[in-house]
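Just need the whole structure built from these sequences, with the hints factored in.
So in UniProt numbering, spot 123 of the sequence shown is number 123, and the numbers just go up one at a time.
By construction, these hints were calculated from the structure, which means they are not laboratory data.
Mixed in with the good hints, there may be bad ones.
Label-pair ranges, simulated between beta-carbon atoms [stated by the list, open to error]:
1. Ala177 x Val219: 30 to 36 Å
2. Leu124 x Leu261: 24 to 30 Å
3. Ala283 x Ala239: 41 to 47 Å
4. Asn238 x Arg132: 16 to 22 Å
5. Val171 x Asp41: 26 to 32 Å
6. Arg132 x Asp89: 33 to 39 Å
7. Pro82 x Met165: 21 to 27 Å
8. Trp251 x Arg98: 42 to 48 Å
9. Ala177 x Ala139: 14 to 20 Å
10. Thr135 x Gln17: 33 to 39 Å
Beta carbons are placed, not taken as given, at the ideal position from N, Cα and C, and that holds for glycine.
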Amino acid sequence: MALRFLVVEGNTRGARQAHKAAYGLMPSESYAAVLGEIESDIVCDLAFPADEGANLPDAAGLESYDGIVLTGSHLNIYDATPDILSQIDLMRSIYASRTPSFGSCWGLQVAAVAAGGDVRKNPLGREIGFARRITRTQAGQGHPLLAGRPASYDAPAIHLDMVTMTPADAVVLSTNAVSEVQSAEITVSGGTFWGVQYHPEFSLGELGVILARRIEMLVGEGFCRTPEEAASYIADLNALHAEPTRFDLAWRHGLDEEVLLPERRTRELRNFIEHRVKPEKSARGRT
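Rendered as structure tokens:
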């Protein structure tokens, strides 16, 4: 039973090509590859709503998908430029289509703003590398998005902006000391979105590539003292990506199996497929 997914790339053309030059894949291509690793029969189309004149699915096209996922982005949603507004409009159409949707980081922010929420810079600063000590809210205790996660867990993350006001029909599912909204469910126009502020789709290798392009920022914002220290940290992430059993490095950086093992790091994506996409496909009677 093949599953048809639409992966909505949040980046502009230049940003996604820069990522491809460094990593070999655009973020949307990487996201699609992770989905394919979770379920071998997932078929993905890609959409680029930040591009002027982008050919985007209409209402019937959106409804034809079994699931829609939104990637991260380098954009700041409060800038409200045309390439951002087009993504907000698309998210409103996704809600109206009632197709199960999921988003990471920027995806959560777009979904929140499209539903009437707000996103601003985090006054506590950037959360980068990993979001630490994420814990469920009371509403998140039994929510299927977080099924299998322990009481407290870490996850790959890189963001400065955060959801500062949740929409009316939103439920915050997890939080930590840096970002009040680490995951949420949002319902609008009969459509339901599940999203996380972190990046369950990132491998440590992809995270390392992203950080390697931000060494100046890591030093400038005080996360590392020198470029050499930043490079050493990135090298450790790459080594853990290649060899997750490196206990010495895992201990040094306080990382456990929730981050190191792909089947646990991608837990929210797996839960989205199992608890939202597959049941909805069956309910619609699709083959």
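A quick look at each hint next to the structure:
1. Ala177 x Val219: 30 to 36 Å: Given about 23 Å between the Cβ atoms, the range is violated.
2. Leu124 x Leu261: 24 to 30 Å: With a Cβ separation near 29 Å, Leu124 and Leu261 satisfy 24 to 30 Å, so the hint holds.
3. Ala283 x Ala239: 41 to 47 Å: At 45 Å between Cβs, range holds.
4. Asn238 x Arg132: 16 to 22 Å: 20 Å, holds
5. Val171 x Asp41: 26 to 32 Å: 31 Å, holds
6. Arg132 x Asp89: 33 to 39 Å: Between Arg132 and Asp89, where Cβ atoms are some 35 Å apart, the hint holds.
7. Pro82 x Met165: 21 to 27 Å: At 24 Å between Cβs, range holds.
8. Trp251 x Arg98: 42 to 48 Å: 46 Å, holds
9. Ala177 x Ala139: 14 to 20 Å: 19 Å, holds
10. Thr135 x Gln17: 33 to 39 Å: At 37 Å between Cβs, range holds.
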